[in-house]
Structure formats: structure tokens, C-alpha cells
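Asker: One letter stands for each residue in the lines below.
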Amino acid sequence: MKMGDQIVSGNGLEASDNNGRILLLACGALAHEILTLIKTNAWSHMDLTCLPANLHLYPDRIPAAVEKSVLKNRAQYAEIFVVYADCGTGGLLLKKCKELGVKMVEGPHCYSFFETNDTFAKLAEDECTAFYLTDFLVRQFDAFVWKPMGLDRHPQLLEMYFGNYEKLVYQAQTNQPDLDEKAAKIAIRMGLNYERRFTGYGDLETTLHQVAR
Amino acid sequence: MSDEEDDIILAELSDDELVLQMHDDLYDGMKEEIEEGVNILLGRKWQPYRVLTEALVAGMTIVGNDFRDGILFVPEVLLAAGAMKGGMETLKPLLIESGAPRMGKMVIGTVKGDIHDIGKNLVGMMMEGAGFEVIDLGINNPVEDYLEALSREDADILGMSALLTTTMPYMKVVIDTMIEQGIREDYIVLVGGAPLNEEFGKAIGADSYCRDAAVAVETAKGFMANKHNQLPAG
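Chains as they are written, first to last, in the working numbering: chain A, 1 to 213; chain B, 1001 to 1234.
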């Protein structure tokens, strides 16, 4: 399946009609990664539907959007698995998933589960001045960070937003020199030191392996 | 028509016109114009507290309401806050000198492990605007820093802020330590931050979760009024 980040950021992605037994209901920011894992592991019984990634700009809207999609799709699937972490919902998404009887990815957010939750928790105290980007966020930096924060129109806000940060950590899911180069340039724009860490898919991959069984 | 003819000369406006213009300038985040407006009103012998409440706080209330209603977004609110801060820098020493009314004293800070301070700074500024003395501990505060400041400052209110799901549980560490030390009931504890909600605030034992800066101000005022009402007469 070919799909641009634009699609998953703006309108989401409808589940394909392939009679998959398990539906992965995911954040659009994870679509590329999940489709790669499905293809690599030949999980033909797993189907994917995505909510717009820009819901992350309004985390309080995520639980209701997940609920709507679960209710819309549950009749067609034996199981629905929610591929979101807490993602700034303050526990409300977990509560909603429990109400709906569906499971979700463990952890606070994708920066954590890509790094693996255990490793991220250990790093967190020493890295509280780190700003994280994933493959998706490097590709979509202007659309998801720069413009929504108004930095394209009001560059004087940069210090207010990022003045307490010290470094940008690019958590690379894949080895793509062009993304590395772009992330390094973003760090310069933000006035931050730069570090690239290859994470692969971390707990996302191990979790989906468990779901696929 | 030239640009010059379009420009509004603040000093030529009447008091009422100037205050309304300052509300507009705050809304548009025009820091220099706000600073100029504050100085003009002070030059016209307005009391600093009156400048603060009628020009700045009233203007920021409009900004806060439009943010709450989805008309304004974070960048615009930050620009407005930056403009208000410009005016506050002039007013703050004058307010202290002129003995403006004091509503109470608040210690505020972002919790340990968290460096996000935009919300905390907005709350601090609006609390100051509402007449509270604010002791800002900055970011990444361990429990010891909060407790030491509360005691040292003889504060009424503790305000804690967090932006991260991973750091917000630390608020409970602070509140539990206050309970252990038998000082929990000595302070009003207000919490806020993007991933928080009312349920979380109740679960950790805070007095109130505050959705935004305006709510924080109103909540603090309400608690302080109750506190005064409970003081023994005489």
C-alpha cells in the first residue's frame, strides 16, 4: 500500500476491505512503520486504520476519536488493537479502551516505546532537556511542529517554547541519511545540540508480534 | 493615504479610548505599544493597580476567553502574554511601592523531570495581575524545593505544573510528602498542565485542577475567600 504522510495527517486512513481478523487502530504518525511491520512479517490477518496524526495537537480529542472508530469497525473484526500510547491523554485513553474492551500499546508516548519503555524510563531523568523527533516527525516537522506552534509567523516565540531544551534527539526507526541530514538542520534551526539514535521499532514491534499471535 | 496617517497616536487618545486600544494591542501581542500605553496612563496619574486591572488584566481576560472558546490559539496567547509581561515590568515595582491589594501568596513551579514552563509562566503572570504575590521556582523542582519555599515564604497556595504524562505523577509525591509531614492542610494545592484532568487532580489529593490560567486565578480567589471566612473573628 502506498500512502503519503499527508493522508494520514489530514484525513486518516480507512481500513482496507481485506477481511483481516485483527484491526490495528493507529495514530497516523505510525502508519508507515506499521505497514512496514505488517509487510515484513507477512501479517496478512492484520488490517490497519489510522486516525489523523494531527490529533496530537489536541490530545483531549483522542479518546473520543478512538471510541468512534472502534464502534464503527468492531463488527467487522474479531479483535481491535489500539496503536496509541497514552499520548498526552493523562490516562483517559486507557480508561476509554478499558470501557470499550480493547487493548492498547503500553507507555507514555511513541518516543518511549520506540526507545523501548524500560530504556526510555531509565533515560528520562537525565534527558529531561531533550526534544525528540521520530522518522515521521522529521519528515513532517514543519507541518506538525513549526507551523502549529506559530514559529513560521512568529519566530520570536522560539525561545519561549524551546529555551529550556538542550538537545534534539532523532530517534531513527530506519537508516535514511536524508532524514538524518534534515534532523540535523532542524536542530540548528532550533538552536539545539543534535544526537541521532537508531531505535528501530522498539516496543511497537514486540507488541505487534504479541497481537499477531 | 500614508501609513503615518493610519498610525494611532496613543498619547492623543482619551483615557477610555486608550484602555480599549490597549486591549486591542494586547490581543495582537504588541509589546512596545503596551509598554507605551502603561507609561501614558501612569503619566496621567493613574494608580498602578488601576492600570494593571483595567488595561492589562481586562485585556488578557478577553484573550483568555477567546483561547478557551477556540478563537485564539497558543501562539497568539503567548504573544499577548509577552506584551502583558512588558507592561508588568514597569508596573511591578510601582505596585509594591503603592501597597496594592494583596490576595495571597503562591509558590509555583514545574515538577521534577519537567522543563516545560509556558503554562506555569502564564498562570504566574495572571496570578500577579489578580493581586497575588507569586514565588516562581522555575522548572524541574524536587519535593524539597517546594516544601522549603512554602515554609520560607509563609505561602497560602502551592501551584504545580507538568506537561508530560511521565512527570505528572510527581505531583502526588509532593502532596504525599506534605501529608506525611502533617502540613497538607496548611496550603491550598492547585495543579495544572496539558495532560492533567479533574479526575487526576482529585486522585492525587490536590484541592483543584485548573484548566487554564483564568481558571487558576478564579479558583485561587475562591479558596482564599473561603480561608478568610473561616478565620476566627476578632
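Check each hint, because a few of them may be wrong.
What the hints assert, rightly or not - Heads up, incomplete: computed chain A residues facing chain B, CB under 7 Å, no partners named: (1) 45; (2) 128; (3) 129.
It is worth saying that the hints were derived from the structure and are not from the lab. Glycine included, each C-beta is placed from N, C-alpha and C at the ideal position.
Asker: Work down the list of hints and note, for each, if the structure agrees.
Answerer: Each hint, compared with the structure:
1. 45: Violated - the Cβ of residue 45 of chain A stays beyond 7 Å from chain B, reaching only about 32 Å at its closest.
2. 128: 5 Å, holds
3. 129: This hint holds: residue 129 of chain A lies near chain B, its Cβ roughly 6 Å from the closest one there, short of 7 Å.
Checked against the numbered hints given earlier, the structure breaks only hint 1 and satisfies all the rest.
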